[in-house]
Amino acid sequence: MFDRRLIKNFDWGLMALILLIGMVGLGILYSALTAGNETGAIHILFKKQMIWMGAGFIVMMIILVIDFRNLDKMNLFIYTICVGLLISVILFGQLGGGSRRWLLIGFVRIQPSELMKIALIISLASVYAASISNTGFNFRKLIKPAVLCVIPFVLIVNQPDLGTGLLLLLIAGSMTLFVKVERKVLYTVSGICIAAAPLLWYGLKAYQKSRILTFLNPDRDPLGAGYHIIQSKIAIGSGMLTGKGFLKGTQNALSFLPEHHTDFILSVLAEEWGLMGCSILLLLYFLLLFWGLNIAYNCRNMFGSILAFGITTMIFWQIFINIGMVMGLMPVVGVPLPLVSYGGSSVITNMVGFGILLNISMRNFSSN
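Numbering (my numbering), first residue to last: 1 to 368.
In short, the hints are calculated from the structure, not lab data.
Glycine included, C-beta positions come from ideal geometry on N, C-alpha and C.
Be aware that a few hints might be false.
[As the list claims (entries may be wrong)] Label-pair ranges, simulated between beta-carbon atoms:
1. 198 x 275: 17 to 27 Å
2. 213 x 144: 14 to 24 Å
3. 189 x 329: 24 to 34 Å
4. 275 x 109: 29 to 39 Å
5. 146 x 297: 18 to 28 Å
6. 10 x 84: 51 to 61 Å
Starting from the given sequences, assemble the full structure and let the hints guide the process.
Right under this line is the structure:
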């Protein structure tokens, strides 16, 4: 029997915020793909993004029908499927740009590493909710969560996709701190990470080392590895306070700005709409993150609370890393801007996350 409380408690504010950011994202993407095109024809990638956004919205609505507490029971199944997809990428994945990250299923091209974010969040939320305590997690209790993180991390870094791999660790680390760990665990792990940092340098591939060195000094290779960051800074700086206007960004129109529709799409916004345009988008993101944290705080179900926090941190870290990257404050690692950058797998993953947040919010009247 349908529970009318689900309609009564539906989070219309969060839904409106998601749709608003999505529409803003489509406007920015349209400009990124159309500026400089004298014919004015709609770019094929923009049409594809609209299809992905529509598909993502449908997936989000389907998720609303399923009680989020069922995800707790299905966590191992979901995790296993996503790990299986990552293994399939190694065996059958498509090679592009020196990486093997995509899997062709029928006529749909997906990036399983994106879907793995949701799977890991669900699995960690299930494990933590089952054994949470006031004293915090000790080393023994963190063995299972660590294994759940290491498996996809190794598979994703092997593609190679260090950016997404590190993003998984940041999400997992945030969720672990949220549920609390013992002090000796925190101090020990922090010490190990600091001590191991110099050793990790020798494990990086040549292009990864180049990105880090370029981040420290973009002028060391202005026409090569440093080109992305330099052009991005020029685009952001030239926008000044109010920008040059819609479709009038020269860095974008003249194709000086690489990856202008994916990783560096925020530079397009900054050039055309300036600081004011970027501030509006950041305000919308802030409201979205605040809304997600509020859902996590008010949820009466422990699994739902940890799950909502995990989804919110996933969105936060993507925003944080992408903005830092385009401003030259972080190395270029290829993390898309949620609901703005072009990418089908990214759109679907984020819409699944938003669907889960809406699901938790509308069922907050029950603590079972």
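request  = Would you pick out the hints that fail for this structure and give their numbers low to high?
outcome  = The structure breaks hints 1, 2 and 6; every other hint is satisfied.
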